[in-house]
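K.L.:
Modelling step: build the complete structure from the supplied sequences, incorporating the hints.
Take 243 as the starting number for the sequence shown in this note's numbering and just add one per residue.
Keep in mind that the hints were calculated from the coordinates and are not lab data. Nothing here was measured: the structure is a model prediction, and the numbers come from that model. You can take every hint at face value.
Between beta-carbon pairs, the in silico distance windows are:
no., residue 1, residue 2, range
1, L306, N431, 36 to 46 Å
2, L441, R311, 26 to 36 Å
3, L306, T328, 12 to 22 Å
Cβ coordinates follow ideal geometry from the N, Cα and C atoms, glycine included.
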Amino acid sequence: MFETLFPHLKLDALWSATGETLYMTALSGVATFVLGILLGLALFLTARGGLFQNRAVYSTISLLVNVFRSIPFIILIVLLIPFTKTLIGTILGADAALPALIVGAAPFYARLVEIGLREVDKGVIEASRSMGARLSTLIFRVLLAESSPALVSGITVTLIALVSYSAMAGVIGAGGLGNLAYLEGFQRNHSDVTLVATLMILVIVFIIQFLGDVITTRLDKR
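P.N.:
See the structure below:
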């Protein structure tokens, strides 16, 4: 039955491609989360009215975030080829896609982090400062803790974008489900392979969204 519906699909190739997509999404997701938090905090703290208000620093970081957030991902991959080749040693494979995935997603998540931090009740921040809370306490126990639902919701959206980015990267040799759909499906006119690869991407996206919604709901105290 399976072979009749999908005569050109090789299960080992499908599982391998799925593993590569999950690998790219997971590693770039972790790096994006860390960098996005750092950049988002920097934007929030140096913005007008922030704890370390600094127009020059804020404008510089904001400009960089806007620039990299605005570059289409497929163009970003091409622009980063020299950097990727120097860092990884090759421009092919899942590892070679990581720099572009991180550079493309971190600025996007950083802006979501900044927005989430702005939603924190200023009264809570001022109360913590008036009680002499240390900067580390203010950041981890107030800012990040109070904005955790927004941060989780933001990383959920970002992870879904990374799945999409990894599929685009696969078209130019990064591996994964995008590569399977393009090389084995489109180029060889095997529509069944393209269909299954697309469905597998959708399954991954739905799982990420479901888990993100569950965690966000549990963290939301409202």
